[in-house]
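Assembly of the complex is requested from the two constituent chains, each provided in isolation within its own frame, with the hints serving as guidance.
Spelled out from the first residue to the last, the chains are:
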Amino acid sequence: MWLKNFLRRVRGLWRSETIHQEITDELQFHIDMRVEENIRRGMSLDEARWDAERSFGNLTRIKEGGYDVRGGRWLETVWQDLCYGARVLVKNPFFTLVAVLTLALAIGANTAVFTIVNAVLFRTPPIPGIDRIGFVASIDKSHGNDEPLQAFSYPDYRDLKERLNSFEDLAAYQYRPVDLSDDGNFPERYFVVRMTANTLSVLGRKPLLGRDLEPGDTEPGASPVALLTHRVWESRYNKNESVIGKTVHIDETPATIIGVTPPDARLYNDIALWLPLITPPSPSPRERRDLLVFGRLANGISIGQASAEATAVVRQLEVEYPATNKNIGAEVQDANEFHIRAQIRHVGQALLGGVTIVLLIACANVANLLLGRAMIRSREMAIRAAMGAERLRVIRQLLTESVLLSIMAGVLGAFLAYWGVKAFDAALAGIGFVKSDYVVFSVDRKVLMHLAAISIGTGIVFGLAPALRMSRIDLSSALKEGGQGAGVGVRRRLLTNILVGAEVALSVVLLMGAGLMTRSMVYAGNMKLGVNTENVLTVRFDLPPSKYQGPQQQVSFFQELTARIGAQPGVEAAAIMSELPGNGPLRGMTTPFQIEGSPISDMRDRPRTAVLTIGPGYFHCMQARLALGREFTELDGTPGHEAAIINQSFADRHWPRENALGKRIRVDGRGTEAWATIVGVAGDIVQNRYSEGLPRVYLPYRQNPGRYLVVAARTRVAPASLAPAFRQSVKDLDSNLPVFDVRSLAEHVSSANYDMRLFSAMFTILAIIALALASMGLYAVISQSVNQRTREMAIRAAMGASGFRLWRLMFFQGMWRFAIGLVIGLALSFAVGGALSSILVGVSPSDPVTYLLVVSVLTIVAALACGLPARRAARSDPAALLRFE
Amino acid sequence: MTNKQKADLLQGTLDLLILRALSLGPMHGYGVGQRIMQMAEEMLKIEEGSLYPALYRLEEKEWIKSEWGISENNRRARFYKLTPAGRKQLNIEKENWQRFAFAISKVLGAA
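If you read the protein sequences in the order shown, they are chains P and X.
Residue 961 is where the first sequence ends in the working numbering, and the numbering goes up by one at each step.
Residue 121 is where the second sequence ends in the working numbering, and the numbering goes up by one at each step.
Rather than coming from a laboratory, the hints here were simulated on the basis of the structure.
For glycine and all other residues, C-beta sits at the position ideal for the given N, C-alpha and C.
Misleading hints may appear alongside valid ones.
Just a sample of chain X residues kept apart from chain P, beta carbon distances all over 10 Å, derived [as the list claims (entries may be wrong)]:
no., residue
1, Arg30
2, Ile46
3, Met53
4, Leu54
5, Asn106
6, Gln108
7, Gly119
Derived pair list, reagent style SDA-like, types lysine to any residue, alpha-carbon separation capped at 25 Å [as the list claims (entries may be wrong)]:
no., chain 1, residue 1, chain 2, residue 2
8, X, Lys71, P, Gln97
9, P, Lys623, P, Leu885
10, X, Lys55, P, Ile115
11, X, Lys55, P, Glu129
12, X, Lys91, P, Glu98
13, X, Lys71, P, Glu140
14, P, Lys807, P, Val908
15, X, Lys91, P, Asp127
16, X, Lys75, P, Phe132
17, X, Lys55, P, Phe105
18, X, Lys55, P, Glu123
19, X, Lys55, P, Trp126
20, X, Lys75, P, Thr100
21, X, Lys91, P, Ile107
22, X, Lys71, P, Leu135
23, X, Lys55, P, Lys807
24, X, Lys55, P, Asn735
25, P, Lys139, X, Pro36
What the simulated footprint calls covered on chain X by chain P, stretch by stretch (three residues with Cβ under 8 Å from a Cβ of chain P suffice, anywhere in the stretch; the number is not a length) [claimed, not checked]:
no., segment
26, 31-41
27, 59-72
28, 93-103
Chain X extracted, bound-state conformation (with noise of 0.2 Å):
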């Protein structure tokens, strides 16, 4: 495997996780990394550095949409919210990682 599919391997999977952290409700782009923490109870932590191209690129691809907004200390922070195009991309996502995560807890299973 090139390093050019691991990487899509793994961006893919980062989509996924920020498509589902924003589906709770819009927030911006720290709000984003922290829920996917919280929601994995601190076993994931994600990059800045990966963090941000991943938000511009499903900005791109019209799943999510941003705009500026006020944060919970009052401070001036772009928002970002799923689109209803997001919204479908999460659930085929979500279904494919499911049917990847099976197969895989299969092989595993059955070694």
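One chain only, chain P, in its complex shape (with noise of 0.2 Å):
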């Protein structure tokens, strides 16, 4: 029905002279009837016309009313407004140029941005019905649940199975690294999961070949199988079916391949293998969270109330075993809540807020050039009026303009946004940073649907106010000539200035924004590590646990590897590390500890310290400081002799006025329960941007060895020179063992703040924008102004005005109303400045060097934006403004 009136109304638009005429002549075949009929009546043919002609009134609105019904009025004024509307840009080049650029570089940051925060927040893995499962996560509640612990221990995961309605059924997983060999291929390093055997069935896959997991297959003691994902099947096995039944070698335990799945059988991270998780002996230890949990939401049940059933389970569980499960709280959430951190969400966030800060501004901007133009066009508008345009009518025609402008910046945006949107890509592949799979910087719908929602959008947000204010016209006074109403002048002023300290207001925000990261970024980089990071080579290992069981193999291991590489030429010193200063994990672990002497009254309340693992000479090797006692040697660690350093944050907060060195402490399930004594207090060293100033503790590696450790060499040539050598060492000493990341320490420190600098880097440009838009507001606003109280200025001058006195005039006209927005936006800025405080390092959301330098720089600019237009005012000539008249 609807379309069908369009469609009639498309076809009208082409065939407005038939439509006309077949009025006329339907109406004209009535006044004929009606003659004749007058004439059969004995009337004079002259009468009958005129009666018959009198009798249909005003027969053009008759026509007209037809034509609306048959033909496109409707369609026909949009498409007039519109051939209007683009006259009117055309007319005037200067200020279509300004607009669409201001918008189209708004618009055009807005699209980039969306597109990126859509690919990385917005679009989930390609799991077919992944909006009816529901993760369970895990939430330390001592410690805020903003980043919550995630992980739940097997039992607490049979107990979450059982007692849960909301879902269908519950599985759990854990990803994990293995190293696949079979004859023919060489071995290769992959990310599987292990899980419990209803993990498919609860994605609702199954086999494209063989078979799913069956319960017998997690039972402990069962023989290996493993499923291949379909990708590892195409690549690796060419897609050859005699796979099934196969065995291979994973972390050099044999396996059979029982099954291949389907493509699009996945989780939310892409993975190689399908492997059993082995069901571990009962009973097993409820503090070992190393499981993820999700499930298929029963029909009709929402993760909210799935949520509300989690919380009352794990609250039950608290209270049945509250040495484990005490302050272990829970929550189900979406696929992309669960996987994606807190942390990229607010910088997403902040980033979306700032692109609309930007839109909005340059929002404002174009509608105070509208509104500029009101006074120039009010003579169009009046005539308009005069000639019975309603004003409905005349918002029509003008929002048709500002509709036509936004739109042209649309298009001119999307071309800026696909290229801001390739140089986002190529600097994030110049860091080396690999994202998702699934993560593709795409165009999609929702991207196009925001697209045209901001490009229609704005039209009408900025276009709106200055319609309103232009077609509310005075006619007499509009007509007069030159008459500049004087009561439409003040009401706009008023309009022109709310839009000018919003703009002002808004900028300050996004500069805070900026400005807090850019300090964030430079704190981070110039962090003293108290490390020396030049010339160091560094490689990374994870022994196969097969090969390399218990602890003696892996120090073995170690202390052979750490020999060669130390021995060889242009190696000053080697040491084994359990990761490197500066680029360590953001979310470190903590681990309970004791002092000895300090007695614990609540064994579920003891303090907790970030651990690491060294090995002999690491602070030589490192050159850091070693404020007292003595590095660890080969003995410590061996029973007997068990041995602990900790950094001076840790000595300072434990034993402030006395000397740690003999101290004992003993930390949780690193090894022996034997007290280790203290040996060193070194100077603290940064692991993390986040970890400064937090006591740590050194453990020997023969005390707490591992299958992951770094070695790192101190070189006195340029390590990279050296990455030859040192594969070498590690194949002379294990052929089999895949060797990655060699890298020098220079290189990961410079990697680890990758992402503050590139959050500090979008945020700047934005800032930047926003700037360069309210400079030019503010500009022009004070440009018009002069421009319209030319022959005040020129009765001021007359009058014995100095010039001064009248630059001083407008510039403060223009500073005055910079200052109340500076006002608004200083007050915004602090209230939003809480919502960075998570992204942020080294400085408070409100630093008062920030806010010192934004007012500073602030200040300046809109000095020269009020300024300079000012002056035209201070060169008023009385004599020249009488030739003018």
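This is how it looks when you write it as structure tokens:
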């Protein structure tokens, strides 16, 4: 019905002549009939005609009414408005250019950021039916729920599975790296999951070939099996179906391939193999939280309902197992919420907020430009009104013009956005950032809708206020020659003032954001790590557990390797460590510990500390300061020689006025239960940007060995030149061991803060755009005001006002508006600053230096924007004005 | 009662009369006016000034549709025809009107 009408009107658009003619014909027929009738009744021809036409009244109006229905009046006026709007824009090329460029910049930035944020935050991995899958996240309530723990222990998982009714079924899995080898192919390192037998059925997938896991496969002692994902089946086995039943080696343990999954069977992260999660022997410790739990929501149950039930169930567990489950809460989240770090989300939201501000500033700017033209067009508007145009019709015409502007800007902005996203992608690739496999910065329906919405929406937003203002015309005064209706002027100026104030306020907010981010970045970049990062080559290992099962094998491997690397020409010293300074995991783990002689009242509430494992010669190799005591020796960590080194922050916190050397501590779950003697106090070393000043305990690697360790060497030559020799040393020791990540420490450290650099760069770009737009706005307003008050200025000059006085008058007129905007902006930044706090390093959201800096930059820019146009007022020449009049 | 409401009431009545006239068969605008006049035994006269806007309005609502045809005196004329939707509307409006007229006569009778 609607469509039919519309189509009829579109047709009407091209047939408007015919339609007019048809209506005329129809009415003519009527008149003729009436005339005939009248003559029959005895009227003269003239009389008959006059009577026939009189009975119609306003014939034109009837015709137009018919045309409205049959033809395309509505559409035709849109078309007329568009043509007229286009003519107006073409006739004012400078205005059009400035407005379109301003908007295009803002729409482009907005679309680019939306494209990126959309890909990262809003797009879910292609898991069929993912909207019905809920992830159960555990929460450490004692640390707030901003960064949840997420994982559950196996017994907790069993309890959740049994008690939760909101889920059809619950599955559990863990991501792990493994080395896969078989005859015929090189050994390769793959990312896999170990999962409960029901995982694929919870995902709603069945193997393409072979069989699914069965409960028997997860029993302890079951013969090891594996399923291949479609990707690996294709890339490694060329889709060979005979692969089923084949035996491969996973971390050097033989396992039988029992199936291949279809391409759309996947978890959040892309993996290569599906392996059974062997049920741990009961009772299994509840504090070992290493399983991610998810399930298919029961019919009609929402995430919120499931979450409420999960909260209740874990509360029961808290009561039943207080020793391990106290303060452990739970929440059910959707896939994105569960997997995307809160910090990334905050950055994304901050960026979206930033581009929205830029867009609003651009709107305010163009609205001001339009208002400035209101004066010029007031006569046009008055003539339209005098010709009988309704106000609504005039508003529609003006809005058509502004939407035309914003759509042009949208098209240009789309190109800018495309270019911007490409640049961002290149920047990411440049710093070696690996995105999730399904994150592609592409234009999808959401991006297109967003672009369309902001392109049309901005036109209405910036066009509406000026259109309402311009269409309210006082006919008599507007039509007078040069009439500058005083009433209209005051109102218009108020609107202009509000717009300029808002622009300034919004740019303050953005500048503050950019300033804080930049300060954080500078701070993180200049952080004194406490080590010398020059000339250090590092290599990471992950020893396969089958070959390096016990601590003994691990220790001897690393001991031997350090010796060989240390003996190479060009190497000064080599050492082992569990993580590199400056590039540690951002979310560090802490471990409970105990100090000898200080009794612990509540075992559940013990103090916690960050723990690092290092080998002998670590501080020498890193050229780090040892304030007291000595390094670890090869003897430390062997039974009877338990030792520990603490950092200065640890010493300051626990022995503020004592010598810590010789005191004894015990760190939980790290090898032996024996007391470790403190043999050294080291200067603080920054492991990552959020860990400055964190108390830390170093344990000798013999006491706390592991399969994942880093070997670093202080070199006398450029570190990169020693990489081949490094690899050779490893190969000599174990030819099957994959070596990865041979990089210099300097590279590691610089890549650690890439995200800060990227985000502060993006914020700075946005802030500069905002500042430029806002100062353009101020400039335009003052400049217009000077133009409008030419006569007044000339009179003032004639009365003896000096040029400086006139300049000052105009200058402060602008600065006054700026000051109000500034104050509002500062208050706003103060209010929203807290949102940034999780991203910032080393500065508080209310950092006085940033505030001062932003205020000075803005004041200088505003002074220029007001001062320059005000100079014209100072040059007012009464004589020139007289000549002009 | 504002002017607008008064106009609506009259319009509604005119629409009903036109639909009724067309329910007897397709007819051109002039004929519709004539037909109503005859049916009302010359007691009602439809002004052309309101007849055509009413026809266009009904056409927009798709209660009637129009096409060119040949008039009784062999001239090209625009003929209007009731659509099924228009026939339904006629019944509704007829009923409404009868109820209204009945109510009015009750009131007048009671006075």
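Right, here's what the structure says about each hint:
1. At the 10 Å boundary, the C-beta of Arg30/X stays outside the reach of chain P, the nearest C-beta of that chain being 20 Å off.
2. Every Cβ of chain P is farther than 10 Å from the Cβ of Ile46/X; the closest lies at roughly 14 Å, confirming the non-interface assignment.
3. At roughly 18 Å from the closest C-beta of chain P, the C-beta of Met53/X stays outside 10 Å, upholding its exclusion from the interface.
4. Distance check for Leu54/X against chain P: the nearest CB is about 14 Å away, which clears 10 Å, and the non-interface claim stands.
5. Remark: the non-interface label on Asn106/X is consistent with the geometry, its nearest Cβ contact in chain P lying 23 Å away (cut-off 10 Å).
6. For Gln108/X, the condition that its CB be more than 10 Å from all CB atoms of chain P holds, with the nearest at approximately 29 Å.
7. For Gly119/X, the non-interface assignment is confirmed: its Cβ lies about 36 Å from the closest Cβ of chain P, beyond the 10 Å cut-off.
8. A threshold of 25 Å between alpha carbons decides the hint, and for Lys71/X with Gln97/P the separation of about 22 Å falls inside it, so the pair holds.
9. A distance of roughly 84 Å separates the Cα atoms of Lys623/P and Leu885/P; the hinted pair therefore is violated under the 25 Å criterion.
10. Among the hinted pairs, Lys55/X with Ile115/P is consistent with the structure: their alpha-carbon atoms are about 19 Å apart, no more than 25 Å.
11. As the CA atoms of Lys55/X and Glu129/P are separated by approximately 16 Å, the hinted pair is consistent with the 25 Å bound.
12. Restraint check: the Cα-Cα separation between Lys91/X and Glu98/P comes to about 17 Å, which is no more than 25 Å; the hinted pair holds.
13. A distance of roughly 17 Å separates the Cα atoms of Lys71/X and Glu140/P; the hinted pair therefore holds under the 25 Å criterion.
14. Restraint check for Lys807/P and Val908/P: the C-alpha separation of about 55 Å exceeds 25 Å, so the hint is violated.
15. The straight-line distance between the Cα atoms of Lys91/X and Asp127/P is roughly 28 Å, outside the 25 Å bound, and the hint therefore fails.
16. Annotation: proposed proximity of Lys75/X to Phe132/P holds, straight-line Cα distance about 22 Å (limit 25 Å).
17. At most 25 Å may separate the alpha-carbon atoms for a hinted pair to count; Lys55/X and Phe105/P meet this at roughly 19 Å.
18. Among the hinted pairs, Lys55/X with Glu123/P is consistent with the structure: their alpha-carbon atoms are about 19 Å apart, no more than 25 Å.
19. Taking the CA atoms of Lys55/X and Trp126/P, the gap is near 18 Å; set against the 25 Å cutoff, the hint holds.
20. Restraint check for Lys75/X and Thr100/P: satisfied, since their Cα atoms lie roughly 18 Å apart, inside the 25 Å limit.
21. For a cut-off of 25 Å, the pair hint linking Lys91/X to Ile107/P stands: about 21 Å separates their Cα positions.
22. Restraint check for Lys71/X and Leu135/P: the C-alpha separation of about 22 Å stays at or below 25 Å, so the hint holds.
23. Under the criterion of a C-alpha separation no larger than 25 Å, the hint pairing Lys55/X with Lys807/P is inconsistent with the structure, at around 110 Å.
24. Taking the CA atoms of Lys55/X and Asn735/P, the gap is about 116 Å. The hint is violated against a cut of 25 Å.
25. Among the hinted pairs, Lys139/P with Pro36/X is consistent with the structure: their alpha-carbon atoms are about 22 Å apart, no more than 25 Å.
26. Counting residues of the segment 31-41 of chain X whose beta carbon lies closer than 8 Å to any beta carbon of chain P gives 3, which meets the minimum of three for the stated coverage.
27. Note: the segment 59-72 of chain X has 8 residues with beta-carbon separation from chain P under 8 Å; the three-residue rule is met and the coverage holds.
28. Look at the segment 93-103 of chain X against chain P: 0 of its residues bring a Cβ nearer than 8 Å to a Cβ of that chain, fewer than three, so the hint is violated.
Hint compliance for this structure: hints 9, 14, 15, 23, 24, 28 are broken, all remaining hints hold.
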